[in-house]
Amino acid sequence: MSPNIVLVVTIGVLFAAGVYLLLERSLSRVLIGVILIGNGANLLFLVAGGAAGRPPIVGTEPEGQMSDPLPQAMVLTAIVITLGMTAFLLALAYRSWQLHRHDEVQDDVEDRRIARLAAVDERAFTDADTEIASDTLDVEAAEARDETDQGAPARETPREVRP
Amino acid sequence: MLLLLAVHLAAAVVAPVLVRWMGRKAFWVLALAPASAAAWALSWTSRVQAGNGPVENVEWIPVLGLNLTFRLDTLSWLMTLVVGGVGALVLVYCAAYFKTSAAGLGRFGGVFVAFSGSMLGLVTADDMLLLFTFWELTTVTSYLLIGHYAERKASRRAAMQAIVITTAGGLAMLVGLVLLGESAGTYLLSEVIANPPQGTPAVTVAIVCLLAGAVTKSALIPFHFWLPAAMAAPTPVSAYLHAAAMVKAGVYLVARFAPAYSTDPTWMWIIVVLGCGTLLLGGYRALRQHDLKLILAFGTVSQLGLIVLLVGLGTRATALAGLAMLGAHAMFKAALFLVVGVVDAATGTRDLRRLSGVGRELKLTALAGALATASMIGLPPFAGYVAKEAGLEALGHLDDTTAGMIVLVAVSVGSVLTVAYGLRLWWGAFSTKPAVVPEAVSESTEPGTSIHEAAHDAAEPAPITHPSLLLVWPAMILAVLGLAVALLPALGEHLLAPYADTYPEGEPGHLVLWAGLTPTFVLTLAILLTGALLFVIRERVERWQTAAYRGPEADRVYRRFMRRLDDVAADVTAVTQRGSLPLYLGLILVVFVVAVGGTVLGSTDFPAEVRLWDTPAQAVFAAGVIASALLVTRARRRLKAVILLGIGGYSVAGLFLLHGAPDLALTQVLVETVTLVVFVLVLRRLPPYFSDRPLAASRWVRLALGLAVGVTVAGIALVAPGARMHLPVSTDFAEEAYSFGGGKNIVNVTLVDIRAWDTMGEISVLLVAATGVASLVFLSRRAGAIYRADEARAERAVWGGVPDPMAALRRPGGDSAAVDAGGMVADRDESAVPSSASRGREWLQAGRTLAPQRRSVIFEVIVRLLFHTMIVYSVYLLFSGHNAPGGGFAAGLVTGIALIVRYLAGGRYELGEAAPVQAGLLLGLGLFLSAGVGLLALLAGGEVLQSWIIDIHVPVIGDIHLVTSLFFDLGVYLVVVGLVLDVLRSLGAELDRRAESGEDPVGGDAAGGDIPGDASEQVGATAKPAGWDGGVP
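So the sequences go chain by chain: A and B.
All residue numbers for the first sequence refer to our numbering, where the first residue is 3 and numbers rise by one.
All residue numbers for the second sequence refer to our numbering, where the first residue is 17 and numbers rise by one.
Chain B on its own, in the form it takes in the complex (with noise of 0.2 angstroms):
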């Protein structure tokens, strides 16, 4: 079956291929592949009648228990004789239907292959997983192929519609299928129904799920509008689908689980109610319509409401007449769509109301359309009379007399209107009317258009021409087929009893052509004889039905309610989304707060002793950070806050100290020092206080909210140090560290071993907030560029703008004037062409670059003496980690800081000199050198990231321990760097260059209301940025 599927699959996907190759004939090929769908199950005709079909199991997914299991038994082999027979012949009917120009024929093509081989695993499933898996792929190859004509409004509405009604009642079938497969503790098909788990209200639920798929699939009342909406989709596809296929495949749910629990009141209730709703009420719509194809739509509405009814119902008697009607349906009820196809191509139109002398014109046509019609409506000798009469027979045999006389009369009306709309349909198709209705009125549906009102001796009927003599063919194949096995009801039952044999209940039934003048056969004569007077009087029935009160249109509430959803849809985003993210936040946190807060105050145990400290000293660094805390949410400065925000983070750094975590510490002071330094980078652009807010009553909101916050996380940090009740995993993380990962440091080789991974994925973090900052600043490219010392342009100095005020007193002659004009560099013809001389005596190589007033001699002096020693601190932080505090991003950390120092003694020129490298080739390298180690150690025949100690002696030097693992740490630095790196490009550099260039409009209103004073004197205290901040004298 694998294999039949795999055909399936591979003739879809080179179907636009072949259709481009051969035209409309590529169909001839695709008809291949349903038709050996169909051979097989022919070839296996007698072993399945004996019991022993085939099975195949291929293991998918082992872990989950999902596997391909297929099975072909008796209903599985008539479903896959409907799928793949009437599929070859309607691919077959498609190579002479569609115009050889016609549009996306190549696709149609493949989709209706896809379709097929769907149905062909939905029939043979045998896995509840796969059968859902089978169902929903007919769902979506379906919608494709309804909405075909994408381009018009209809079809689209019709797919539209189809696969959300489909697809809803798809998923309650799986909850259905969950279900029992849980119940049953197997997912096998066969299993479940033969030990079928009953009685728990579970089995309740899952039989109204299954059914509500059954439902939905099979266009039952309330859902059955879909169908016929989906008439909008090409006649071939209503021929396959709406009529031998997909509607089946409810059927084929119900037949499935009808042995297993037919028995059960709810399912027989829902059966027998939708059953017969859907066979009146169908038969009912189809009396009155002009379209043929929508008469045929109704009319599979109504049959399909007898074939559910029989297969459900739960006796062998009825299941072998509902199969047999199955199979008989599924003939002629796809011969008719094809006879109406061929109409439509003669005639342009589908109004029976235009249409007059088909017959005459097309009579072989009429003639295959007779044949189904005549099978359709139950007339012997042919497949639907046979069925239907042993369907007639079993329901009067019922042993629940309520039901049985219910669904016995409502049965019998069905048939009497299927008599009337098949006869009325034959009629309006192919006889020769004596008067037409004109083309005009054609297009209305108006009350008093239908033919016997509106007809005008004058109109001419639509005109008739030859449609190729292939499109016929197909219809008639079926519709002979109907006369054939009728003829032979023996051998139907003879094939079809083994699964009726799987019902519990009931006598066995049987298919006879002939059983007497039993009072069945009584009844089938007064149905046929009442249904053909209704279609005599059928002008006065049309009349009362358009008269008649028609209640709300499935249609219309459908459509309603999904507007409806809609509506509420918005309503509630409307609601929830306010857009306003202090309210979001506030949400979250208010959850945090219950959720949390509950669970602690709840269900925990507060500890019953508490320490003070673990020293004393924790108390002082405490204090600070309580003390800088609320004194930053008081801060109206911008800059006071985020000093106070550094004090903070130095005291949290001595609290880890304290606690005995001395790289914590270390790299929280590295963190501080360059996060101050990045604030001040760009506050100098935003306004140097906050804006008041003016609700003042938020305020109050948000300090109950941060109050009940601090308390919950300290409630938390109560019961935490006591909740532990396993030991924790870095127990042997010492061991481990040292006799694996060569090094003594056990924080450090957590960080580049034993969780290597989290810091790959940390360092991929940092990469990606340095390139979003990158191009948050630069916008449309990922670097700027590296400014050299001696690209410095003369007429214009880093960090100039305002006045010099000390330009008197600087050198005299000549150079007032230049810094007049704007904070020139006051000895200008020297900074232009700066000789290698004049460099030589300079402290920094880009110091003159800087306009005079902001350069400062202490400042370059300092970082001149000191930027080497911290590069050389910062490898030894690197090299030294693995074995006492330090490592990478404690590395990385401190060159950054030396880059820093460099940039704010010599500005952007100065940073090129001291990196002229660009930071996202740091970054990559960085990252390319961590995982690159790690992939190494794979090639070595380790694992990923695993490392390796190698232990050299060199003579004079010493031994040499080296662990791979130093290059992880190597890519940890590189990133790091390359994180400050972009900072300080973007962030530090690019906005020097816009203020300069005058992009960034600075001065005025970024610094107006600073006041000079305590802000630069702080900010002196801790990075020294004092007196290069836009604005500050």
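Extracted from the complex, chain A is given alone in its bound form (with noise of 0.2 angstroms):
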């Protein structure tokens, strides 16, 4: 089945517009970048699924001509999903702006701080049972001592009892 050009074309130049926005900073450019992506992704749906034909109503349509209604069916739902994400996407938006007054997506402070540290060759934590401690296996040794039952007193003291 040969592919039309129209729609490549067009699927083309949204996927390259939507990446490009894609990878700004700003939250409201990225979801636009995004629904011009799902767009785009919603008609290739469409092409993989075959031919434009008629539409898939039983009855009204000779069954031959229909258009395949599997992908539609899945781009449906996708639709629906975007404007969920979006109204999602946007509430962050709004929360950025509550928080910091703009939108613009910042690099991840935890992750700086880590590379910060790794540069300087520090570690991010420090967890005294993973350090090489000074102290030797005899040392530790001579500290780990049981909760025992030491059973009857010392020597001194029965020696006085018994007799």
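There's no promise every hint is true.
Some chain B residues flagged as far from chain A (calculated, every beta-carbon gap over 10 angstroms) [as the list claims (entries may be wrong)]:
id	residue
1	26
2	67
3	71
4	87
5	145
6	421
7	447
8	546
9	646
10	648
11	694
12	712
13	753
14	756
15	807
Incomplete in silico selection of chain A near chain B, CB under 8 angstroms [what the hints assert, rightly or not]:
id	residue
16	6
17	21
18	23
19	64
20	66
21	68
22	71
23	75
24	78
25	94
26	99
27	104
28	114
It should be emphasised that the hints constitute simulated quantities derived from the structure, not laboratory data.
Glycine included, C-beta positions come from ideal geometry on N, C-alpha and C.
Make the complex out of the two chains shown on their own, each in a separate frame, by following the hints.
Here is the structure:
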């Protein structure tokens, strides 16, 4: 089956523009990019599903000329989910504005901290258990005592008591 | 065997409760579990000896071929005896060893029994994967036991070290087991051993992996260091895990696979090198320790090397000696650990430099220690002697003379060391010394603190108490057993020979107490004498050892390696986790371009012919899409970008329509409209312009990547239509939709019936998204209030806050002052208490709550007229969707838009009047309805989400064709309405309220740069939000 050049070009442009915006820092631009890519992907779904046809409604159209209903069902839910995601990302943008007065996606602070520490060969956290301790095996062994039952008291005491 | 495992499990589970009830006496009860295993093994003795051991097979996961298969042969029998017998004795020992007030005894008992059960499973499992499972269980339980004193750093570190090393080995072993299982075609241990796969590189790798597991578990070099460190565990744990049970798991593995692979040169050399090395290193280091437990630990390392050597070398004679050694070692080493525990309990120290006169005070303990030591150093007539004698004899007759000589020399030297440290141990623990080291010095392990150098006549030895005699008996039993079995060597040979006979090579060996004055006996004598000499000159040996170069300690190397690993991990994290979203996305996209684009270019055929379009109209809509997409990328004003995006979206809807997808076109148009509104609601807050990015260079990178992705996807779009190899699954959808789904609109039937599970998942996503939006705005609540018109606050008008430029024109008199005070409702009295009469005359119930300059009579009239029509239309879409374009999604969106226009025309109080319900209720009800329909179908005897078609003839109305999936669609409808309502309540109403109450600063900074004119005109053309945006006058 031969592809439809107009749709192919449209898809390509939607993806290119979408990716260009997706790599921005402003959350609303990122979101616009995502929506553009979503539109492109939806079209790609239809194109991959086959050529254009008549609406897939039984009875009104001859069966052989119908377009494939399965990609349509998938795309339909994808469209609505895009709406949900748009709303969510916009709520994020609002929250970002509330906190920082802009909607830029900043670099992760924790990641930056780790990178900074790694650059100077410092540890991001210290755990005494994993340190190269100066304690040798013998010292540690000497400290390891069980909670034992000593039994009868030391030998001096019984000698005094028994006789 | 399953029953025994269940007994262990039950005992482990009830152990904490039991200990709370009975205190430390509970260990008596717990000891019954391992004791039952030992008794059970004993009851099978004769049948196992005859080769008729029990086999149990319970299907576990048949699909994966995983079965619970257990088998008891001679090797398993011996191991079960050791595991069960020593386990029971050590548990009895625990009943007197710990203080009654000791912490964590319940957990200790439980884990101990669990370990015992895991060990039992490990040695009886006949399925290799089952064996691995138990192997890892012993690793985990031993971790818990070593780290019993979790508040001590040394304990935690030792436990962590042990689990890291043994788990790493265990994983390697798993690889080996899987390689073997796949090569052999079966995972049954007995079958693999009977017909071992040979010769392929995979088998060689498997052997190395298996031995890696054994080497780590049995603490052979270079992984031996975890065992001495694990002495941080309570002494009973050392006696059980580090003498009898866990470290023997590696030996067991070697012994299990030796009959199959001992002839392999890889196997052979690994065993010889690591076995000899461990034997010598362990003995050498044991000579120099002051801590009794450390002497035993290094001694155990040494002995493990010996046993692995004997069972791994692969002749019948060495195998028999190895098995005998295994049993003997379990007895004498466990006994010695228990004895050391008694000394520790009695004196409060295990430092031999501080002990003197213990033997005189604790005579029975000293006797048990002496018997066990005699067995360890191979003094006749003890089990250790019999086993070692058989081993030396067997080694002297190896076929491979080079390896034989190496091993024989190593074992002889190792035995000399064993004699020396064995004697030193007993001397250190029990002898009466002329002088001991003062307590202060004993805390140091520096050179020069040995007993020979630092002893003081004035120093008092550690005081000695008399612990319960119960502590001595388990050790005594084991020590006497070591003597008893040696007196009946023929019985031992008889019992163990069936295992040795499974080896393919060599003459059968013998266990004898007195074989005459053979060269081996002479060698034994020489060993004993040299060892004794080494003990006598211990002072010089110790001094020499202190002075000699020690080489890098494996423990240090390990810690440094772990530290380096942490550093590398940090470096890798620093390089890969830059924390920059564009970078991450860019990387993902580059991978996409390279992998997918490369495949498209490299290995697909591009279609020979292409069509320009299906219909010319496609070109028109496509041009709209392309133009809007290109302009969006260049837009610097947010609102402009959003409007352009909307135009593109509507054009895509046109493409859908032309493609033969009316449902999609409908949904796309509706969604695009709602999206636009949601955007504008939030854009009220965001700055009007996108901020500039200073780095111009990155723009070109983004552009290049965008183009690359665009071209790649276009390539996919070119190739995809021709790539179909199979018939579409949807070929029968038309037929199925009509006859089973009861609908003519195939897309809708697909959504609510054929692929209803998908839809269910998708509306769940919508629910989550809606909840997420509400939570991001309300933060600590799920939803805000529902604003009803009669609750409107008179002193604060909706969307007020800016001066009304038309105030002077509105109504003469009295109003201007109120408006000046902050955009209040002009006729204050009237709106504060809206009379029903006045409300009746309003077009919209809550219109009065708006600031006067925000009201639009035309808009209100249109909304009043349109709202109910839209609702009716959405109901129509909902009900007709099964047979014509429409359905729950479209219907829900239309209802949502109806709510939106009510909100836009009348503000948040109007929204409350239009939809006086919480969005969460709608969402929950919707999902409940969809899922409920599915479950009802299940109750009615069908499958989940199956539809039922009901045709009823109703007089007057006509035929009603009802399909139960309508209720599913109703659920979809409710979820979509709930989503829109949630958005309006949070991003609409709540943001309004915050602007009015001053929680959100608006005005100046949000709208400062906004230029009235083009933006508001464009907005007015599409969604009519013009004029109410915060800053537009």
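Problem - Violated constraints from the hint list, given by number and in increasing order - result: Hint check: 9, 10, 11, 13, 19 and 20 fail, others pass.
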